[in-house]
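Peer 1: Sequence:
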Amino acid sequence: MLRALLNAVTESILLVDPEGTVLTLNETAAERFGKTVEEMIGARMQYMGEHLLPSQTRVSRESKIREVVRTRQAVRFEDMRAGRHLDTSMYPVVDETGDVRRIAIFSKDVMESRRLQEELQASQEKYRAVVENAGEAIAIVDDQGVFLFMNGTAARALGGAPSDFTGKTMWELFPKEIADRQAEAVRKVVRTGSAYGSIAQSCVAGQRRWYGTTIAPLRDAEGRVTAGLLVARDVHDLMTAQKDLEAYREKMRRTEHLASLGTLSATFAHELTQPLTVIRLSVQNAIKAIEEGSPSATVLNDLADGVAEIAHVTAIIERFRGFARNTSDRQVGPVDLNEAARRVIRLLDEDARAAGITLIAEGIEDLPPIRANERDMDQVFFALTQNAIHAAQGLDKRRLRIVGEHCRGEVELRFDDDCGGIPPSHMARVFEPFFTTKQAAGGTGLGLCIVQRIVTQAGGHIRVDSRFGKGTTFIVTLPVEQ
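Each step along the sequence shown adds one to the number in this note's numbering, with nothing skipped, and position 162 is 162.
Bear in mind the hints are in silico, worked out from the structure with no lab data behind them.
Among the clues, some could well be false.
[Said to hold, decoys possible] The calculated DSS-like cross-link candidates involving lysine-lysine, where the alpha carbons are at most 27 Å apart (straight line), are: (1) LYS397 / LYS470; (2) LYS108 / LYS35; (3) LYS176 / LYS188; (4) LYS64 / LYS108; (5) LYS288 / LYS243; (6) LYS168 / LYS188.
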């Protein structure tokens, strides 16, 4: 039974006398010496397997046996045998007088565990280097707000070394409001086991800066969350740039609005000129008739004409009031494209006639609604229609066809004119802000740029196809309201 137990063990086990003579051993030990159990028993182990043990190792083992006999204490050491790392322990076996009569030797091959340990150490060193040299601040914080670990980046931001801050609490390093917020976030991660992320201002070394922070749960061997792994990236420059961009966009929105109002005011003034002229002439005629003593019927007719034109002026004002309403609200909802087309055509019809261009709408009434801002869509129709009207100036019998089609969940609007087209050298700059060929006519160069932005915000796209000397087609594609 004892022999079976010894042979079942993967360690080498030998029992030797103080001279190193093998008294018994297990099969594992014999195999490591390249012998059988029978060949090993009775032999001096120092001379067994000379090809396996370097002379220095044999001398060392002899000295270890003498040390056990002399001190009556166990010894433990590591050495090499045939390229293998061995972890060896020698224990004294004493008689009733306390003298060492036997030495029990246990030897374990630790080559694989040593390799794994070295790999683990190399891996730890690699990850330690990654963490220490990361651009982000990395720390481990428990649910009491105590820093258990901090990398060099985090420590440098706080003005010291990691050892200066390990063991300190958040309240010792940050203002109370920030420490309270971060500690509560860590507690939430520990409590729920779910990661947390935020972008917020923090005060580091007396400076307020924006940080993007993520906190991930750290678990122990039993799977319990014991702390939070905090990774913070300095995004202050990014947030500042984003705010500057938002300010620029707001400035552009104001510029767009002013440009739109400028265009509308010119059209408004043009439309009011004719009825105001009629009113002026009617009142002048009425005054003249009264001065000359003409019959009252003539005066009444002139005044009636003036009142009618005043009603016309009122209608124009109401029409422009609805069209030129402030678009900064930008409420999004279903938009009837047919109504938008009708409003703009009615508004620009007189300008179109004066320019010698006919406005034609085809298939618009059958289009389903889209989801956008209604005033934005008015502006799309207005800018693209007015663009054709300006291109028609000085030409005879031109036309703009606004054609609508519905296909596969999208609406396509084609603004197709025969007003001469766009020079090839200008095609790449059509949607460029402030690019215009109509400076003398008061062009701002913002119309098509604004149209492109509106269409893009609505989830669509716009492209242009021009045949220089013939005409231009703007194709607007928009998703249908679901």
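Peer 1: For every hint, state whether the structure bears it out.
Peer 2: Outcome of the hint check:
1. LYS397 / LYS470: 13 Å, holds
2. LYS108 / LYS35: Measuring from Cα to Cα gives roughly 18 Å; hence the hint holds.
3. LYS176 / LYS188: 18 Å, holds
4. LYS64 / LYS108: 16 Å, holds
5. LYS288 / LYS243: 65 Å, violated
6. LYS168 / LYS188: Distance ~20 Å between LYS168 and LYS188 Cα, so the pair holds.
Comparing the model with each numbered hint stated earlier shows that hint 5 is the single one that does not hold.
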